[in-house]
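Colleague: The lines below spell out each chain.
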Amino acid sequence: NAGVMQNPRHLVRRRGQEARLRCSPMKGHSHVYWYRQLPEEGLKFMVYLQKENIIDESGMPKERFSAEFPKEGPSILRIQQVVRGDSAAYFCASSPGGGGNYGYTFGSGTRLTVV
Amino acid sequence: GQQVMQIPQYQHVQEGEDFTTYCNSSTTLSNIQWYKQRPGGHPVFLIQLVKSGEVKKQKRLTFQFGEAKKNSSLHITATQTTDVGTYFCAGFSGAGSYQLTFGKGTKLSVIP
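Sequence order for the protein chains is A and B.
No gaps in the numbering here: position 11 of the first sequence is 11 in my numbering, and each next residue is one more.
Each position in the second sequence, counted from 1, maps to that position plus 115 in my numbering.
This is chain B alone, in the form it adopts within the complex (with noise of 0.2 Å):
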């Protein structure tokens, strides 16, 4: 089945610092999604990426879409402690699968 691998699975940074976490399918994805997990919260879905190259930016987020539609990543520039939790990266695969396969998540902690 489908694999979703999402690295690195800690990163602790000084506040100010930038940061990055990286993914990558097992299979050709139809799109790729990301979500921010709060420590004890929910995952809030932050951004869809659907075409081959695509880049998108949320302030001081930016999240880019490998040309094979098999990677992917987020990167966020000079970060604050709001930028604490979790991120997953969740794949869907369309034909004929209706799973959104999420990776393992990189939780972020934010040193003041």
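In isolation and in its complexed conformation, chain A is listed as follows (with noise of 0.2 Å):
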């Protein structure tokens, strides 16, 4: 029984490129979040999706970040135009329900390097 999938482990982009994190979620898991990381520094909520839907992007950069959840495939989460305060972990993880009522599973993360 696989738990999150997340990939690449480690991403390095040029400042300007696009960078594309995946993460497919545990079987029978429908709900999908994406946290961030800096190091020393807690996570911090980006966005909360369900199969096709985005449910909370609170968290999200208005500008340059976007996730998605299609029906079929990996929830997405693209970064274009990369700058050097990208760079971070960024955490995927996901619950049987909604909200913060269920324990998360997450990913082993992608660390994305910008140089």
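None of these hints come from the bench; they were simulated from the model.
Do not rely on the hints blindly, as some may be mistaken.
[Said to hold, decoys possible] Each pair of labels, with its calculated beta carbon distance range:
no. : chain 1 : residue 1 : chain 2 : residue 2 : range
1   : A       : Glu18     : B       : His190    : 30 to 36 Å
2   : A       : Ser30     : B       : Glu182    : 41 to 47 Å
3   : A       : Ser58     : B       : Gln195    : 36 to 42 Å
4   : B       : Ala193    : A       : Gly98     : 37 to 43 Å
5   : B       : Val170    : A       : Gly98     : 38 to 44 Å
6   : A       : Lys62     : B       : Arg175    : 42 to 48 Å
7   : B       : Pro154    : A       : Gly85     : 21 to 27 Å
8   : A       : Lys27     : B       : Val170    : 40 to 46 Å
9   : A       : Pro70     : B       : Gln195    : 42 to 48 Å
10  : A       : Arg9      : B       : Met120    : 30 to 36 Å
11  : B       : Ala193    : A       : Glu18     : 47 to 53 Å
Beta carbons are placed, not taken as given, at the ideal position from N, Cα and C, and that holds for glycine.
Dock chain to chain to rebuild the complex, using the hints, since each chain is given by itself in its own frame.
Modeller: What follows is the structure, encoded as structure tokens:
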């Protein structure tokens, strides 16, 4: 029973390029969350999605960032025209039910480095 | 917006000593969750507390939820080197909010 799968584990992008982070939730989980973590910091909420719907994107920067969770395939977090400040660990989590009523299962994360 | 504060930020203990981390929310919570993140790893769910005054135990770990449902604590008895990591609390307020808000965590180091 595979957990939450994230790829790539590490991603290096030059300033101005696009970064695409993928997340496949645990089997049976239809609720997906993206969090961002800076070194020595907690996890900052970015977006909450269900299949084909964005439920809450209040933590997502208005520009350059977008997320989707299509009917088929993984959830994608897309960062356009990356800047050095986007360097961070991005974690995806899933749960069987919505919001914070269930414990989250986190993936191993994608460590994004912008050079 | 909802804020979750956690103290201390760092804690160094000798192996065998006890450890406690405290969590305070600016708003009343529907539930609180605790996670552990090993160095270089990802957060792993430990437990969820829902009821006012609730106390739950997992082996050497004791979790408490305050009577007002605004604070929580995690206590580890007789720490071991395997307890090393960062412990996060995360609060869910419900009431139309979908966000699980994480504290900044307490980083535990255990000196053998």
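Colleague: Check the structure against each numbered hint from earlier and tell me which ones fail, lowest number first.
Modeller: 1, 2, 5, 8
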